[in-house]
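Colleague: Here's the letter readout for the chains.
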Amino acid sequence: MKFLCMTCDDPMNLQKTEGPHQGSMSVVFQCDGCGWQMAMLTNPMETQAVRSLGVKIGGATVPAEPMEMLRSNLTGVRADLAANGEGSAPAQAAEADAGNEDGAASKCPFSQMLQTGSEETPTRQEFITSVAAPPPEPSSEGVAWTDAAKQRIEERIPSFIRPMARVAIEKYAEEKGYSEINEDVLEETRGMFAA
Amino acid sequence: MKTYSDIVGDGGSDILGQVSDIVDALQKRLSTITRVLAVTSGKGGVGKSTVTVQLAAALAHRGWKIGILDADINGASVVRMTGVTGQSPKIGAEGVSPAIGPMGIKVMAMDLFLPEETAPVAWDAHTQQDAFTWRQTLEMTALREMLIDTHWGELDVLLLDLPPGGDRLPNISGLLPEGAGALTVTIPTRVSHTVVERAVRAAKTLVGAEMLGIIDNMASHVCGHCGEEETLFPGGDSRSLAERMNVPHLGEIPFEPRLAAACDAGEPLVANHPDTPTARAFDGLAETLSHWIQMPNSQSEIQGDAV
Numbered sequence: 001m002k003f004l005c006m007t008c009d010d011p012m013n014l015q016k017t018e019g020p021h022q023g024s025m026s027v028v029f030q031c032d033g034c035g036w037q038m039a040m041l042t043n044p045m046e047t048q049a050v051r052s053l054g055v056k057i058g059g060a061t062v063p064a065e066p067m068e069m070l071r072s073n074l075t076g077v078r079a080d081l082a083a084n085g086e087g088s089a090p091a092q093a094a095e096a097d098a099g100n101e102d103g104a105a106s107k108c109p110f111s112q113m114l115q116t117g118s119e120e121t122p123t124r125q126e127f128i129t130s131v132a133a134p135p136p137e138p139s140s141e142g143v144a145w146t147d148a149a150k151q152r153i154e155e156r157i158p159s160f161i162r163p164m165a166r167v168a169i170e171k172y173a174e175e176k177g178y179s180e181i182n183e184d185v186l187e188e189t190r191g192m193f194a195a
Numbered sequence: 001m002k003t004y005s006d007i008v009g010d011g012g013s014d015i016l017g018q019v020s021d022i023v024d025a026l027q028k029r030l031s032t033i034t035r036v037l038a039v040t041s042g043k044g045g046v047g048k049s050t051v052t053v054q055l056a057a058a059l060a061h062r063g064w065k066i067g068i069l070d071a072d073i074n075g076a077s078v079v080r081m082t083g084v085t086g087q088s089p090k091i092g093a094e095g096v097s098p099a100i101g102p103m104g105i106k107v108m109a110m111d112l113f114l115p116e117e118t119a120p121v122a123w124d125a126h127t128q129q130d131a132f133t134w135r136q137t138l139e140m141t142a143l144r145e146m147l148i149d150t151h152w153g154e155l156d157v158l159l160l161d162l163p164p165g166g167d168r169l170p171n172i173s174g175l176l177p178e179g180a181g182a183l184t185v186t187i188p189t190r191v192s193h194t195v196v197e198r199a200v201r202a203a204k205t206l207v208g209a210e211m212l213g214i215i216d217n218m219a220s221h222v223c224g225h226c227g228e229e230e231t232l233f234p235g236g237d238s239r240s241l242a243e244r245m246n247v248p249h250l251g252e253i254p255f256e257p258r259l260a261a262a263c264d265a266g267e268p269l270v271a272n273h274p275d276t277p278t279a280r281a282f283d284g285l286a287e288t289l290s291h292w293i294q295m296p297n298s299q300s301e302i303q304g305d306a307v
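The listed protein sequences correspond, in order, to chains D and L.
Quick note: the first sequence uses this note's numbering, first residue 1, plus one each step.
Quick note: the second sequence uses this note's numbering, first residue 1, plus one each step.
Worth flagging that the hints you see were computed from the coordinates, not collected in a lab.
Treat each hint with caution, since some may be false.
Rough simulated footprint, nothing fancy, chain L against chain D, three-plus residues with beta-carbon under 8 Å [stated by the list, open to error]:
# : region
1 : 2–8
2 : 33–43
3 : 143–151
In the DSS-like style, the derived pairs of lysine-lysine whose C-alpha atoms are separated by at most 25 Å in a straight line are [unchecked claim]:
#  : chain 1 : residue 1 : chain 2 : residue 2
4  : L       : K2        : L       : K28
5  : D       : K176      : D       : K150
6  : D       : K150      : D       : K171
7  : L       : K28       : D       : K171
8  : L       : K28       : L       : K65
9  : L       : K2        : L       : K65
10 : L       : K2        : D       : K16
11 : D       : K2        : L       : K65
12 : D       : K2        : D       : K16
Quick reminder that beta carbons are idealized off the backbone N, C-alpha and C, glycines included.
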């Protein structure tokens, strides 16, 4: 599955993953061009389908343990299996997954799906806050913004759609041959974003 | 607007890279195995596992290094038939060490991981509702892991005991290396022949593995008292089936009570009762396949009716 920023017509890149919470994963993608972010939220069946493939969302940073998917996902595993020393790695990985909803050390059903990075799993609120943070300013080399125009879109356009609106307005201005984006230009684009 | 094929990569997960790593691991693992042999049938109850285990024993009896992967995730029976029940897989740096059966036969199966012999295979999931949408995929992944992550070492033949169904062999075709072969097991009934013929036709179309031939299991019954062979199923002519399918008829395996007892006890019939008609039939089949094992991969056609 790939995601395309329709404003920039560029592919979006994965930023972070979280979950599963109640069977749902949150996977954030961002357009590097305009900073637009979106989160893909999977339902439990979609989560399970990805899990069944034995691949990791966010990329595999460390090699999988032998039979990692099998050992992590079986509901009942013989007790003496992990006693063979090196065989307890999937369970240890699950223990490290502090974000799993069940708090079960060895039975996190989805731990092997996610990139096993070094960062601690954020809390849900931290995750939401980080996702909602303003994305980077889009690069605008050709068209300048007046202070009034900047202030207007800050006040009138919701933050989650602002980066995309900026790029679209700049493209409109460039196509029209305008040297700056002022309130008059915003009036012309009003139908696009109610700015 | 760009389409899916216009975009290179997947934005960060590198799923294709992960799949490529799996393929590399598969090739590396299979590099120490001379031949992979899938034992298959469209029909259930024809004795695939019995043929797999006793053929493995017959090959091992001839000095070949043999492994068995029980690919029947939910109906695994090879562990009991090889007498390795209770052995626990050892997990080490080179992978998971298989159980060791009679004559050094290496065994990997799902039930080696289960807490008890009759425990069902159950998978964690947020919900089991509509499990049909993901369960087969997950089980294929488990099978792939058992193939790749088992420390097989040097093997002459790795036998795959597939569950029944005409789709099973095509489903695992991606795991089969060059030079792999497949045996189809049937019994001499028209019902079995109909299902097996359909499966063989599908396999010949969809699978890269060489269809080595058809084995007629339970072709006769050996009397426990006088040793005379008598017809068990009067209905089918497996040689005609083989001719229609243009594959070799590799022979007939008689049924006898000692075969069933050997499978229950996890003992090799060819070693414990070598003079019985059934043991001789398995040894004849092993002799035929010994030629195949030694052939270069590009010349894998074998002659039928050896048993």
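Colleague: Enumerate the violated hints, using their earlier numbering and listing them in ascending order.
Modeller: Those not satisfied are hints 2, 3, 4, 7, 9, 11.
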